[in-house]
Every structure is written in C-alpha cells, then in structure tokens.
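Number of protein chains: 4
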Amino acid sequence: MNNYNKIAGHDTGRLIAISDAVFGVAMTLLVLEIKVPEIEGGNKDLATAFLQLMPKFLVYFLSFMTAGIFWMGQSAQFEHIKKSDRNLSWINLLFLLFVSVLPFTTAFLGDYIKHEFAIAIYWLNIFLLGITLYINWNYAVKHGFVPAEDKDEVSDAIKKRIISSQTLYFIGALLSFINSYLAIGVIIAIQLNYAFAFFRGKKQ
Amino acid sequence: MNNYNKIAGHDTGRLIAISDAVFGVAMTLLVLEIKVPEIEGGNKDLATAFLQLMPKFLVYFLSFMTAGIFWMGQSAQFEHIKKSDRNLSWINLLFLLFVSVLPFTTAFLGDYIKHEFAIAIYWLNIFLLGITLYINWNYAVKHGFVPAEDKDEVSDAIKKRIISSQTLYFIGALLSFINSYLAIGVIIAIQLNYAFAFFRGKKQ
Amino acid sequence: MNNYNKIAGHDTGRLIAISDAVFGVAMTLLVLEIKVPEIEGGNKDLATAFLQLMPKFLVYFLSFMTAGIFWMGQSAQFEHIKKSDRNLSWINLLFLLFVSVLPFTTAFLGDYIKHEFAIAIYWLNIFLLGITLYINWNYAVKHGFVPAEDKDEVSDAIKKRIISSQTLYFIGALLSFINSYLAIGVIIAIQLNYAFAFFRGKKQ
Amino acid sequence: MNNYNKIAGHDTGRLIAISDAVFGVAMTLLVLEIKVPEIEGGNKDLATAFLQLMPKFLVYFLSFMTAGIFWMGQSAQFEHIKKSDRNLSWINLLFLLFVSVLPFTTAFLGDYIKHEFAIAIYWLNIFLLGITLYINWNYAVKHGFVPAEDKDEVSDAIKKRIISSQTLYFIGALLSFINSYLAIGVIIAIQLNYAFAFFRGKKQ
Numbered sequence: 032m033n034n035y036n037k038i039a040g041h042d043t044g045r046l047i048a049i050s051d052a053v054f055g056v057a058m059t060l061l062v063l064e065i066k067v068p069e070i071e072g073g074n075k076d077l078a079t080a081f082l083q084l085m086p087k088f089l090v091y092f093l094s095f096m097t098a099g100i101f102w103m104g105q106s107a108q109f110e111h112i113k114k115s116d117r118n119l120s121w122i123n124l125l126f127l128l129f130v131s132v133l134p135f136t137t138a139f140l141g142d143y144i145k146h147e148f149a150i151a152i153y154w155l156n157i158f159l160l161g162i163t164l165y166i167n168w169n170y171a172v173k174h175g176f177v178p179a180e181d182k183d184e185v186s187d188a189i190k191k192r193i194i195s196s197q198t199l200y201f202i203g204a205l206l207s208f209i210n211s212y213l214a215i216g217v218i219i220a221i222q223l224n225y226a227f228a229f230f231r232g233k234k235q
Numbered sequence: 032m033n034n035y036n037k038i039a040g041h042d043t044g045r046l047i048a049i050s051d052a053v054f055g056v057a058m059t060l061l062v063l064e065i066k067v068p069e070i071e072g073g074n075k076d077l078a079t080a081f082l083q084l085m086p087k088f089l090v091y092f093l094s095f096m097t098a099g100i101f102w103m104g105q106s107a108q109f110e111h112i113k114k115s116d117r118n119l120s121w122i123n124l125l126f127l128l129f130v131s132v133l134p135f136t137t138a139f140l141g142d143y144i145k146h147e148f149a150i151a152i153y154w155l156n157i158f159l160l161g162i163t164l165y166i167n168w169n170y171a172v173k174h175g176f177v178p179a180e181d182k183d184e185v186s187d188a189i190k191k192r193i194i195s196s197q198t199l200y201f202i203g204a205l206l207s208f209i210n211s212y213l214a215i216g217v218i219i220a221i222q223l224n225y226a227f228a229f230f231r232g233k234k235q
Numbered sequence: 032m033n034n035y036n037k038i039a040g041h042d043t044g045r046l047i048a049i050s051d052a053v054f055g056v057a058m059t060l061l062v063l064e065i066k067v068p069e070i071e072g073g074n075k076d077l078a079t080a081f082l083q084l085m086p087k088f089l090v091y092f093l094s095f096m097t098a099g100i101f102w103m104g105q106s107a108q109f110e111h112i113k114k115s116d117r118n119l120s121w122i123n124l125l126f127l128l129f130v131s132v133l134p135f136t137t138a139f140l141g142d143y144i145k146h147e148f149a150i151a152i153y154w155l156n157i158f159l160l161g162i163t164l165y166i167n168w169n170y171a172v173k174h175g176f177v178p179a180e181d182k183d184e185v186s187d188a189i190k191k192r193i194i195s196s197q198t199l200y201f202i203g204a205l206l207s208f209i210n211s212y213l214a215i216g217v218i219i220a221i222q223l224n225y226a227f228a229f230f231r232g233k234k235q
Numbered sequence: 032m033n034n035y036n037k038i039a040g041h042d043t044g045r046l047i048a049i050s051d052a053v054f055g056v057a058m059t060l061l062v063l064e065i066k067v068p069e070i071e072g073g074n075k076d077l078a079t080a081f082l083q084l085m086p087k088f089l090v091y092f093l094s095f096m097t098a099g100i101f102w103m104g105q106s107a108q109f110e111h112i113k114k115s116d117r118n119l120s121w122i123n124l125l126f127l128l129f130v131s132v133l134p135f136t137t138a139f140l141g142d143y144i145k146h147e148f149a150i151a152i153y154w155l156n157i158f159l160l161g162i163t164l165y166i167n168w169n170y171a172v173k174h175g176f177v178p179a180e181d182k183d184e185v186s187d188a189i190k191k192r193i194i195s196s197q198t199l200y201f202i203g204a205l206l207s208f209i210n211s212y213l214a215i216g217v218i219i220a221i222q223l224n225y226a227f228a229f230f231r232g233k234k235q
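Chains as they are written, first to last, in the numbering used here: chain X, 32 to 235; chain D, 32 to 235; chain Y, 32 to 235; chain P, 32 to 235.
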C-alpha cells in the first residue's frame, strides 16, 4: 500500500482548483443568510425593513473579507509551492473544511452579534484557518516543495504575517468582553489593514 | 511585512478562477428564489400557478443577464490584463462581493417589483459593479499590467462603454418614478442592446 | 463602441470555465430538493419513509443525466471550437441559463409527476437546451471558429445527433398524454441510449 | 451517428474541471444542514445550544473527509489517465452523481444517527463511490488511456487500496448492529488511517 503514497497528490493544479471552488461557493452561500424581509406597505416601510438588515450585511461584509484574506494567503503560498504530496493535500482539505464552515459561523455571529460566545466561535474559525495555513507553509518548506530561492526571500514574511495577524485577531476577540460591536469593529479594522495596507507605505 | 506585498497576488490565473466560481454559483443560486408552487388540482390549475411565477422568471432573466454582462466585461478586461498585485486582487474581490449580492437584490426586486426603493437598490448593485470594474481597468492600466499596444487600442473603448452603459442604467432606474415595469423594461432593453448589439452595425 | 466587439469574448477558456461552474452547481443543487423525511420510530419506519422518496430520486437521476448529456454535448463542440466572440459567448450564456433552470423544472416535475403540464415544461427545458446548443455549433462553424478539417468530419454528426435526439424527446413527451410514467421512462431510455450507446455497435 | 463517439469526451481537462466543481459545491453545501439554533438568553444558553449541534458537526466532519478521500482517489487516478472517451466520461459522471448525493445521505445520517438503516444508506453511498472509482480505473487501463509504465507501477496499488478500504468500510457498517456510534467511530478511524497513513511507515 505504500506505493499509493507515491501516486497520490502530486498535482498542485487540482488542489488549487478545488480550493477556488470551495472558496467561490462559500463566499456566495453567505448571502443566503440574508433573507428578503416580508412587509406590507410602501417605500418607506421597505426602506426601514432594509435598514434593519444592516447588521447582517455588516457580518456578510466581514465574512467575505475573511474569506478573501485567507484566499489571498493561500494563493500567495501556492505561487511558491511547486509540488505537493498526500499530506499537503490533506492539510489543504482541512483548511478548506474551515473555509466551508464560514457560512455557518457567520450566520451564528449575525444572529447573536451581542454574545461573546458567538464572537469566540467566529474567532476560533479564523484561528483554525490561520493555523492550517501556517502548517501548510511549514510542511511545504520542510519537504522541499518550495524552491530554495523563494524560501529564503519570502518564508519569514509569510510566517510573520500569519503570527502577527492572528495575535491581533486574538486581541480583537478579547475586546468582545468590553463590547461586542467594538470587537467586530476592531477585527474589521485589522482586516482592512491587511487587505489594503493602509497604515504602511503605499509603495508596492 | 512589506515583503508580503511582493509575494501576494501576482497570478491572474487564480483571480480568474475564483471569479468564474463566484459568477457560476451566483448565476445558479438565483433560481432557488423561484419556488415550486403548491397546488391541488389538474393541469389547468398547475398552468395558472406556473404563469403567476412569470414576474419571478422575468427578474431571474434580468439578473442572469446582469451577471452575464459583467462577467463579459471582466473577461474582456482580463484578456488584456497580464499581471496582478494585491490591490488588484482586492478590487476584484470587491467586485465579486457585489456579484455575490446579486441573488439577494434580485429576490428583493422580485418580491417588491412595484416599489421604487427595490429598483433603487437593484440599480445601486449594478452601479457598484460598474464602478469597481472601472477602477479595476484604471488601476491595471496605471500600474503597467496591460501591455502598451493593447492599452492604446482598447482602453478608451472599455471606459466609454462602462460610462455610457451606467448613464443609461441610471436613466432607466429614474423611470421607476413614473412606472416600475417601464423602468425594468428599459433596463432589460439596455442590456439586450449591450449584449447583442442590436442597434449597431452587425459586423463583428 | 464598435471597438468593444473586437475585445470581448475571444477566450474560449473562460467560457468553458464558467460552463463547468454552472453545470457543477446545477448538478449538485438538484439534491437540495430531496428533503430528509421527519419520522418517529425505528428502522422500518425510516426505510418506508426513504422508499417514499424514490420518485424524487428517479427525477434526480433523470436530471443529472440530462445535465450530463448536455455537458457532454457542449464539451464535444468545444473540442472543435477554437475561437469565440461576443455573440458566441452570449449564445452559451443563454444555454447556461437553461442549465441553471434545471433544478427548478426538476423540482416541478418531481412534485407534479402525474401532470402532463409538468412534463411539458420539463421537455421545453430540454428543447431549449438542444436549440441553443444547435445554434452554438452553427454559429461557430459559420464564423470560422472551427478548423476546416474538423468541420467536414464532425459537423453533420453533431447536427444530426441534436435533431434526432430532440425528435425522440418530443415523442417521449407526447407519450405523457397516455401515461406520465411511461413518458418519463421513455425519456430516460432515450438518454441511456445516447449516454451509453447500448443499441449501437460497441466499437468506439 | 457512430462518428459522434469519435468526437465526444477526449478531453480529461473538462472532466477534471466539472469534478472539482461538483466536489467543491458538495463539500460546501454540507454545512447548510447545520442550522443556527434559535435561543433566548445569554452566553451559557448559546453555548449549550451550540454543543447540542456537535453530532451534526461530527457527521459534517465525516462527510467532508469522505468527499476528500474520494477526491484524492479520483485525483490520483487522473494523474495517470491521459486520455478519455465518452464511456469514461459517463463513468465519472456517475461517480459525481454519488458525490452530489453525499449532502443528502449526510443529513439523513445526521438526523437518524442511531438507526442502522441510516448507516446502511450512508455505507451504500461510500460503496457506490468505491465501485465507480474502481470501474473508472479498470476501464481506463483496459482502453489504453494509462501509459504502460504507469500501469505496471501503480495499477495494483490503486485496485488493492479500493478493495481493502471498501472491505473495512463494510465491516465498520456491520458494527452498527452492535452500536451505531461505534460504527461511525470505526468508519472515521478507517478514514483517518487512509488520509494520514498513521499506522504505516512515516516515509513518503
């Protein structure tokens, strides 16, 4: 049976394809959580009902960003990871498991936005995404799937980025013990920072 | 951390792949809004119930076209955009956010087809799609991701097209203050025009 | 604006990618129509409830086959179609519109399997899929997107196949005026014939 | 019509693409089965309600792994299968049919976790996935779609693996007559074994 290890999972192409499919579906399924309100009446009532959906849209936006950030993170890694094996495939499937759970944790947070427990679960999801992505890179580097010149240049940047962002997320989540909207606001701010690099030099 | 900017998002391949996944899912999820009617009785009753779904099918058709038009627009741009960076990736993820919201705004319009507010929200969705697509092209051209020869030939055509279509959509949406079916009819007419180039020369 | 025609839709790659996404989603969404039964009691009751779902599974199987057949048909065409333009893209988007409607017409048939009207709607869906696929091939051949040597060899085979299968589907649908299970049985038999080529020589 | 056989289904590229789409959607749809609980009260009540979802998460994890294992299996085969024909396409579509049914059998098992009948249905799904995958490889080898050197090296490994894992699954399912949690636990253990190769040498 050891032969099977030799033949399974060498292709990063399909790993990337299934990742894009899972991300694409998860990102789009998120919107199913926002139900069209049922009202009687004119434009004013409809506008009021629509505005009441804003917390849901906020959470939706938050989760789309979360998915986007981790999609970017995985993409960045696979620009350097040139080979794969069975274990790396499973690490990525585990990562995708946590991606596919996002629509649930998002809906959970959307319904219980004032409960610290819901924020904790949401944070746990982000944390597990970060961990598996870290393991992914670590494993790929250790097993020689990343060409040497790439490794020297980017490996520390990738690891540092995951650790620093996860530290900030953790602090953000802790803030929910003071105020849950504050916690979510800070998490969104962290994400905007990582997404658009506002607080750093603007040179690319 | 600045190193991370260098390593993230150079690959237009995955950007295109995630786009196709989000578009594909959004286009297909739209149909979940059309529920099978529950009736007792024979073919006549079933046909009547089916015909009552026509406004829903109209809105479905409208939204499938909207998605198709913007998918074509993004495709056309990425035939010329040969490189990417982190910011361009985020511009496209924002664009995809507005794509993934289409099933909601479509259902919203389907349920409140006579409310100007619902048309306004739908128009806003189209508007945001147009804006992000415009920014996408602009950014790509400014940062040298479009080869010079392509830029001269097509850049103005792409921009003009977005501006003129968005102007027409805006006028179409304004018509909802007269009559909402008129507004939707005009928007569909604009889309048919852009899709099939009926009112222009037939030469390709 | 005529320049835009030159720059939109030359890429069959993305057309194929969005097709696979829409097919993949439509094929998988079909299963959402089959709800887990709610029962109290032991294995016997559960088995009984499960068996009552059989008509739903039959319709599911039918629709998965329908989607598979048209996916095969479109695949076969695009092995020969080497270029594309805006119109061909729109023909395919229209084709995908009818694919994305399959989960609805399937559910409709599943709920009203004894109504000729439901079979007629289902047949209409198959018919529209056939028509757009025929137009797709015709357009591609006329506009020189199919290399000359392929054209001579396969064009007639592709057209004949669509016409003969559509004729058989039409006859199958007409049988619903005698008995709707007979009609569905015949349609499935036609599909099995086209899928596995049982009734023809076994040579490939 | 025999000509059509010559022109359909030579492209493994699209077969792989539709597979990744169906797997991606099926894996992500699974989470829709886990509904956000509706409670009144504070964090404690929310945590309790969340913990009650654990059996659902267990089944979700099980099914994600099942999908992952068969995705890996199909991937491994298509690293060696270099050509395709119409029959091979249909074998794979049948395989995908059983993949797309996973969200249903998973939900079924999730709701009736103590019923042997539900475990039997779930096992049947795994069994059918194994069978079609076996047929896929067999057909590809017999029709010369696998290069000779690959065939000698890996063919037995692939077949043995399917047979031994299916035997273990069967034994696992039989255990449900003693205790259903035991049966599921053993099935998960089998899957972990196949996924991570815990009980074998650690060399890759």
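Hint data in this document are derived by calculation from the structure and do not stem from the laboratory. C-beta atoms are modelled at their ideal positions from N, C-alpha and C, and glycine is treated no differently. Certain hints may be false.
Claimed, not checked - Using 25 Å as the maximum straight-line C-alpha spacing, the simulated BS3-like pairs for lysine-lysine come out as follows: (1) D:Lys113 - X:Lys66; (2) P:Lys87 - P:Lys173; (3) D:Lys191 - D:Lys173; (4) P:Lys75 - P:Lys87; (5) P:Lys145 - Y:Lys66; (6) D:Lys114 - Y:Lys114; (7) D:Lys66 - Y:Lys145; (8) Y:Lys66 - Y:Lys114; (9) D:Lys87 - Y:Lys114; (10) Y:Lys66 - P:Lys114; (11) Y:Lys87 - Y:Lys66; (12) Y:Lys113 - D:Lys113; (13) X:Lys114 - D:Lys114; (14) D:Lys113 - Y:Lys114; (15) Y:Lys87 - P:Lys66; (16) D:Lys66 - Y:Lys114; (17) D:Lys87 - D:Lys145; (18) D:Lys87 - D:Lys114; (19) X:Lys113 - X:Lys191; (20) X:Lys145 - X:Lys173; (21) X:Lys113 - D:Lys113; (22) X:Lys87 - X:Lys75; (23) P:Lys113 - Y:Lys113; (24) D:Lys173 - D:Lys113; (25) Y:Lys114 - P:Lys87; (26) P:Lys113 - X:Lys114; (27) P:Lys114 - Y:Lys182; (28) X:Lys113 - D:Lys191; (29) D:Lys145 - X:Lys75; (30) Y:Lys66 - X:Lys66.
To be verified - Cβ-Cβ distance ranges computed for the label pairs, FRET-style: (31) Y:His174 - X:Ser195: 24 to 34 Å; (32) Y:Ile70 - D:Gly72: 22 to 32 Å; (33) X:Ser195 - D:Ile166: 20 to 30 Å; (34) D:Asn74 - Y:Phe158: 40 to 50 Å; (35) Y:Ile70 - D:Ile209: 46 to 56 Å.
Margin query: Does Lys114 (chain Y) sit within 25 Å of Lys66 (chain Y), going by the straight-line distance between their CA atoms?
Written below: This hinted pair is violated, its Cα atoms lying about 43 Å apart.
Check: Between Lys145 (chain D) and Lys75 (chain X), is the straight-line Cα distance small enough, at 25 Å or below?
Finding: holds (13 Å)
Margin query: What's the verdict on Lys145 (chain P) and Lys66 (chain Y), does the C-alpha distance respect the 25 Å limit or exceed it?
Written below: With Cα atoms ~19 Å apart, Lys145 (chain P) and Lys66 (chain Y) stay inside 25 Å; holds.
Margin query: Next pair to validate is Lys75 (chain P) with Lys87 (chain P); report whether the Cα-Cα distance is within 25 Å.
Written below: Holds, at about 20 Å.
Check: Within 25 Å, alpha carbon to alpha carbon, are Lys114 (chain P) and Lys182 (chain Y)?
Finding: It holds: about 22 Å lies between the C-alpha atoms, which stays within 25 Å.
Margin query: Against the 25 Å threshold, does the CA-CA distance of Lys113 (chain D) and Lys114 (chain Y) hold or violate the hint?
Written below: holds (19 Å)
Check: Has the given pair, Lys87 (chain P) with Lys173 (chain P), been kept, meaning a C-alpha gap of at most 25 Å?
Finding: violated (42 Å)
Checklist line | Range agreement (Cβ of Gly72 (chain D) with Cβ of Ile70 (chain Y), hint 22 to 32 Å) | finding: holds (28 Å)
Next item on the list: Decide if the proposed pair is consistent with the structure: Lys145 (chain X) and Lys173 (chain X), CA atoms, cutoff 25 Å inclusive.
Entry: Violated, at about 43 Å.
Checklist line | Hinted pair Lys113 (chain Y) and Lys113 (chain D), Cα distance within 25 Å | finding: holds (21 Å)
Margin query: Need the status of pair Lys191 (chain D), Lys173 (chain D): alpha-carbon distance at most 25 Å?
Written below: Given pair Lys191 (chain D), Lys173 (chain D) holds - Cα atoms ~17 Å apart, limit 25 Å.
Check: Are Lys113 (chain X) and Lys191 (chain D) close enough, with their CA atoms no more than 25 Å apart?
Finding: At roughly 41 Å apart (the allowed maximum being 25 Å), Lys191 (chain D) and Lys113 (chain X) break the hint.
Hint check: violations occur at hints 1, 2, 8, 9, 10, 16, 18, 20, 25, 28, 31 and 34; the rest are consistent with the structure.
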